[in-house]
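Going down the list, the protein sequences come from chains A and B. Quick note on the working numbering: the first sequence kicks off at 10 and runs consecutively. Quick note on the working numbering: the second sequence kicks off at 23 and runs consecutively.
Please note: incorrect hints may appear among the correct ones.
As the list claims (entries may be wrong) - Calculated pairs, EDC-like style, for lysine to aspartate or glutamate (alpha carbon to alpha carbon, straight line, at most 16 Å):
no.	chain 1	residue 1	chain 2	residue 2
1	A	Lys190	A	Asp204
2	B	Lys100	A	Glu161
3	A	Lys190	A	Asp167
4	A	Lys190	A	Asp225
5	B	Lys100	A	Asp167
6	A	Lys194	A	Asp204
Don't read these hints as lab results, they were simulated from the structure. As the structure is a prediction and not an experimental result, all values here were calculated from the model.
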Amino acid sequence: MSFIDDFLASWREYREPGYYDGFDYHWTMSVDLDRCTGCGACITACQAENNIPIVGEDAIARGREMQWIRIEKYWEGEFPDVKLRFIPMLCQHCDAAPCETVCPVSATYHNQDGLNAQVYNRCIGTRSCAVYCPYEVRYFNYNNHHWDAPLEQQLNPDVSVREKGVMEKCSFCIQRIRQAKDVAKDEGRRVQDGDVQPACVQTCPTEALVFGDQNDPDSRVSQTMNDERAYHVLEELNTAPSVVYLRKVETDAV
Amino acid sequence: MASIDRRDFLKLVGAGGVGTGAGFMLREAIKHPVENLVPYPVPPEDFSPGIATWYNTVCSMCSAGCGITVRTREGRAKKIEGNPSHPVSQGRLCARGQAGLQVLYNPDRVTTPLQQTGERGSGDWLPLTWTEGLSQISGRLGELRSSGQGGAVCLLSEGQRGHMHGLFEQFMANIGSDRLVYYDYDHPHPLLAAMNRLFGTSELPYFDLGNTDYLVSFGADYLGSWLSPVHHGLGFGRSRQGRDHHRGRFVQIEPRMTLSGAAADEWIAAIPGTEGIIALAMANRIVSQGGYQGDDADAWAAALEPYSADAVAEQTGVAAETIARVADTFAGTGPSLAIGGDGAGRHSNGVDALTAITALNYLAGNLGIEGGLIFNPEPVAGQGAAARHASYRSMLELAEDAREGRIQVLIVNQANPVFTMPAAAGIGEALARIPLIVSLSSFMDETTAMADLILPSHTYLEAWGDDFPEPGVGFRAGAISQPVVSPLYDTRDTGDTLLAVAAAVNPDGALTAATTEEYLREQWRAIFERDAPTEEGTAQAQEAIAAETVEAAAEVVAQAAPEDDAAADAPANAEAAVAQVAPAEGAVATNPDPAGWMPDAFDEFWNSLLRAGVWGENTRAEQGPVTVDASVIDAIGVDAPEFAGSSETYPFILQPYLSLNMHDGSGANLPWMQELPDPLTSVVYGSWLEINPETARELGLRDGDLVDVESPQGTISVPVLTFPAIMPNVVAMPVGQGHSEFGRYASGRGANPIEILAPQVEPETGSLAWNATRVRLNPTGRRANLVRTSGLSRDLGRGIIQTTATGEAEEHASTKLRSIPITVEPA
Numbered sequence: 010m011s012f013i014d015d016f017l018a019s020w021r022e023y024r025e026p027g028y029y030d031g032f033d034y035h036w037t038m039s040v041d042l043d044r045c046t047g048c049g050a051c052i053t054a055c056q057a058e059n060n061i062p063i064v065g066e067d068a069i070a071r072g073r074e075m076q077w078i079r080i081e082k083y084w085e086g087e088f089p090d091v092k093l094r095f096i097p098m099l100c101q102h103c104d105a106a107p108c109e110t111v112c113p114v115s116a117t118y119h120n121q122d123g124l125n126a127q128v129y130n131r132c133i134g135t136r137s138c139a140v141y142c143p144y145e146v147r148y149f150n151y152n153n154h155h156w157d158a159p160l161e162q163q164l165n166p167d168v169s170v171r172e173k174g175v176m177e178k179c180s181f182c183i184q185r186i187r188q189a190k191d192v193a194k195d196e197g198r199r200v201q202d203g204d205v206q207p208a209c210v211q212t213c214p215t216e217a218l219v220f221g222d223q224n225d226p227d228s229r230v231s232q233t234m235n236d237e238r239a240y241h242v243l244e245e246l247n248t249a250p251s252v253v254y255l256r257k258v259e260t261d262a263v
Numbered sequence: 023m024a025s026i027d028r029r030d031f032l033k034l035v036g037a038g039g040v041g042t043g044a045g046f047m048l049r050e051a052i053k054h055p056v057e058n059l060v061p062y063p064v065p066p067e068d069f070s071p072g073i074a075t076w077y078n079t080v081c082s083m084c085s086a087g088c089g090i091t092v093r094t095r096e097g098r099a100k101k102i103e104g105n106p107s108h109p110v111s112q113g114r115l116c117a118r119g120q121a122g123l124q125v126l127y128n129p130d131r132v133t134t135p136l137q138q139t140g141e142r143g144s145g146d147w148l149p150l151t152w153t154e155g156l157s158q159i160s161g162r163l164g165e166l167r168s169s170g171q172g173g174a175v176c177l178l179s180e181g182q183r184g185h186m187h188g189l190f191e192q193f194m195a196n197i198g199s200d201r202l203v204y205y206d207y208d209h210p211h212p213l214l215a216a217m218n219r220l221f222g223t224s225e226l227p228y229f230d231l232g233n234t235d236y237l238v239s240f241g242a243d244y245l246g247s248w249l250s251p252v253h254h255g256l257g258f259g260r261s262r263q264g265r266d267h268h269r270g271r272f273v274q275i276e277p278r279m280t281l282s283g284a285a286a287d288e289w290i291a292a293i294p295g296t297e298g299i300i301a302l303a304m305a306n307r308i309v310s311q312g313g314y315q316g317d318d319a320d321a322w323a324a325a326l327e328p329y330s331a332d333a334v335a336e337q338t339g340v341a342a343e344t345i346a347r348v349a350d351t352f353a354g355t356g357p358s359l360a361i362g363g364d365g366a367g368r369h370s371n372g373v374d375a376l377t378a379i380t381a382l383n384y385l386a387g388n389l390g391i392e393g394g395l396i397f398n399p400e401p402v403a404g405q406g407a408a409a410r411h412a413s414y415r416s417m418l419e420l421a422e423d424a425r426e427g428r429i430q431v432l433i434v435n436q437a438n439p440v441f442t443m444p445a446a447a448g449i450g451e452a453l454a455r456i457p458l459i460v461s462l463s464s465f466m467d468e469t470t471a472m473a474d475l476i477l478p479s480h481t482y483l484e485a486w487g488d489d490f491p492e493p494g495v496g497f498r499a500g501a502i503s504q505p506v507v508s509p510l511y512d513t514r515d516t517g518d519t520l521l522a523v524a525a526a527v528n529p530d531g532a533l534t535a536a537t538t539e540e541y542l543r544e545q546w547r548a549i550f551e552r553d554a555p556t557e558e559g560t561a562q563a564q565e566a567i568a569a570e571t572v573e574a575a576a577e578v579v580a581q582a583a584p585e586d587d588a589a590a591d592a593p594a595n596a597e598a599a600v601a602q603v604a605p606a607e608g609a610v611a612t613n614p615d616p617a618g619w620m621p622d623a624f625d626e627f628w629n630s631l632l633r634a635g636v637w638g639e640n641t642r643a644e645q646g647p648v649t650v651d652a653s654v655i656d657a658i659g660v661d662a663p664e665f666a667g668s669s670e671t672y673p674f675i676l677q678p679y680l681s682l683n684m685h686d687g688s689g690a691n692l693p694w695m696q697e698l699p700d701p702l703t704s705v706v707y708g709s710w711l712e713i714n715p716e717t718a719r720e721l722g723l724r725d726g727d728l729v730d731v732e733s734p735q736g737t738i739s740v741p742v743l744t745f746p747a748i749m750p751n752v753v754a755m756p757v758g759q760g761h762s763e764f765g766r767y768a769s770g771r772g773a774n775p776i777e778i779l780a781p782q783v784e785p786e787t788g789s790l791a792w793n794a795t796r797v798r799l800n801p802t803g804r805r806a807n808l809v810r811t812s813g814l815s816r817d818l819g820r821g822i823i824q825t826t827a828t829g830e831a832e833e834h835a836s837t838k839l840r841s842i843p844i845t846v847e848p849a
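Looking at chain A on its own, in the form it has when it is part of the complex:
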């Protein structure tokens, strides 16, 4: 009985918003939709950094594309009063992540930096997490992928290459976070704002993406989170995402 009580108590605590504020870092990204132009630089930067395979035309035709960040496009209106809006969609690193609770082998879990982490060699490929993810940002390796030589020489040695049967998704470039934390630890300090940014944030030409530590009130991302335009996608699901979007400003024709 006491075991169940303990379990429920810790479960309750874990599901409480703000649980991760007690830890050192709470990595967060903000996406300014008023700046995003949908150019796709983030997509290629991510592919290069995270050893994301080229899956080929046939796989994409079957809906098996593999890009940890994508640009969703939504049309509004009809010609000539027509608008096209873009939104970059990536793993939201939800603090109350639906994917984490369904994994039978705990291959995906929340680490103490507020990251939704994926343990590749624990994953048995049930794909339950992908079904539960409301943002549809989990990607499954339906095949072993192959790089035509010498393209494999580009692979980032800091990131493992995944094989068939394994689920993968955006990690907020955890290898860069780990490196920044190592450097900070050697220098006896906390990771400062600007020490680390994921590949997508670093390359974004319009500076639409901002990454940082939500627990640091002076960080740029903490400030953008307080912007009156801030919102969460699918907020009603109460997944407490770590990705904050800033509303696109649409002016009336002046």
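Since the structure of chain A is provided, determine the placement of chain B on it from the hints.
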């Protein structure tokens, strides 16, 4: 008991001996090769295993000239980032720039010199050594030169800038030829001509997007493929949300929505080729409403008289009220900016249109001010390169010369006119008449496939070079391009190849450097000496020069640390952070040779240049008032655009646009670019024809239906895709696919719209009016595989993308980031 006599015993011993020996040999033959557990027992001195090394160089994926910094590990390039110190990219990079690694590690590179042994285009290639290859070309060039026929040698290259242009010029002078031709499909001839006509300048201007309050773009896809997309993106972001004062607004006028059109606050559909007329109507409104008070106001009023908004509304498809409203805001908002791009410039009236559009900046007082149009100084090096850029018309002249036998040897460097010129030009057939074609390209593209001899060049990540970006950023800046990895294959620096040939053909020529690096050093020494501070100025200069900034820039780059909090002020930062001429004493701390070699001042300069990757001035020159010549004002006017094909037979106007992924086709061999969904349609791995949904319904066409697109010049087959933001009588198609060569990822995929373009030119510059071809659509009744990544194209009330009107923001403040606590009641 069996008895073994002496004989049997010896036989057995012999057989055993042979068997043992054979077994040993066999084992030796089949055992695995020796592998060392540690691959580098003695590592090369410029890297440590496990530690990343960063090199600064210049991106060559398009002509913008972004500074990049490349992360290498164990001698392999792993990742490209923007160089935070470079004024163009400021630490940022586009998708194509990121994919540069797949140029370097492309499986389809030409890895060694090759000679065509069969017929041209047969693909029977025989590998050669460099000595053989170079002696073949040098021998032929030497013969021509000594017989006084040096002029029959043509060097056809992609555009070169900076000192590489100088090297190319000197090479041709050595051979005794004046046929140095640069060919880029999208070289901005019309814009240069318009700038020259209005202001007498031969430089592209700097468009200060970051500080502008109201931008009107006439068919310029400044965020996607036009001139300098990364830098424009930076400006766009800052203008939108990066400033303390109010947010900049963006208007886009074009027949088919581009990436910039989607990003704009207002998108206005206009009939193709009428952008310049709209600009004149805006100018008319500004002048007639008294928005322009200059001395020449009367001249403008007279010249603009026929172009009232009411008069042009029907012709342009834009309502008179809209034109008047945009014009009033444009004149009433300061600073504002009007830019005209390929959408407006690639018509029969292109130069007139761009002149009219650019003149708006003159009338609204946007010249030479922050947030307006800023004139660029002449680049430090590479003057005269612009004159070498061939237009469509001059390429036709080249083809004619080839047919007439006036060209004996053609050297092609990375240019691919066979792919980027319409079939009507007949360039392939003309080039085939040239007795010897030598290609210096790194890939087997359509033009290289016709060559007799390939002397493959390094890719840009293995090569030396330098660059002075065009358009510049309003002040003088340059950057060195240096190898970031050792060459992968038996290829050579283009410059090295040219230097070797020049030395063999004409040992007494002016070109004496042995390598490109040596050549560049000599050229930069001239810059260093010319700009070095004078004796009395030195102390002051040393104070003024932020010696630490060179260090800081190098430091930032070395760690790839992100920009600091002052990112919003980055233009100023970037100016301050670029390497300074003649760095102060001690600015470069490391002496590469511990044995006591003392670098002279130039070596210090050169080393800091390589480390920072960028050089420049930190001030913008003051600009005096600009006047437009009276004759130019009198002559201002835009004729109706001319199209090839009659509107009865060919009801649609074809708009072939430069793809963001593949540009003019040079990115089609990169798997990342094939797999990057098109930003507006999400299509991957193929071509498509965009058509208005209503028109498609009338024609009974659905997404994926294969149609034959027929122009007066030819037919291509391509699947249809309904596109909500295109005019009903216009169809659009991306350029880039449809390669017949160019490696496994590009060849045999999609179709090339350039192929069927009519040879319409803009008369003044002779540049191809690629938006001026009419087509008709013949349904084939077949379906094609149109692969897209996206799901639903409508939001359907899910509120995924939320918007806010200006002033409404507070309303959301109460609802922001709410989170409903979930509580689980204990059992």
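Taking the hints in turn, this is what the structure says about them:
For the given pair, Lys190 (chain A) sits about 9 Å from Asp204 (chain A) by alpha-carbon distance, which is consistent with the 16 Å threshold. A distance of roughly 10 Å separates the Cα atoms of Lys100 (chain B) and Glu161 (chain A); the hinted pair therefore holds under the 16 Å criterion. In summary, the hint linking Lys190 (chain A) to Asp167 (chain A) is supported, as the alpha carbons are separated by about 15 Å, within the 16 Å threshold. For the suggested pair Lys190 (chain A) and Asp225 (chain A), the alpha carbons sit about 15 Å apart, so the restraint of at most 16 Å is met.
Simply put, Lys100 (chain B) and Asp167 (chain A) have alpha-carbon atoms about 10 Å apart, close enough for the 16 Å limit, and the pair holds. Only pairs whose Cα atoms come within 16 Å are accepted, and Lys194 (chain A) paired with Asp204 (chain A) is accepted, the gap being roughly 13 Å.
Going through the hint list in order, the structure satisfies each hint without exception.
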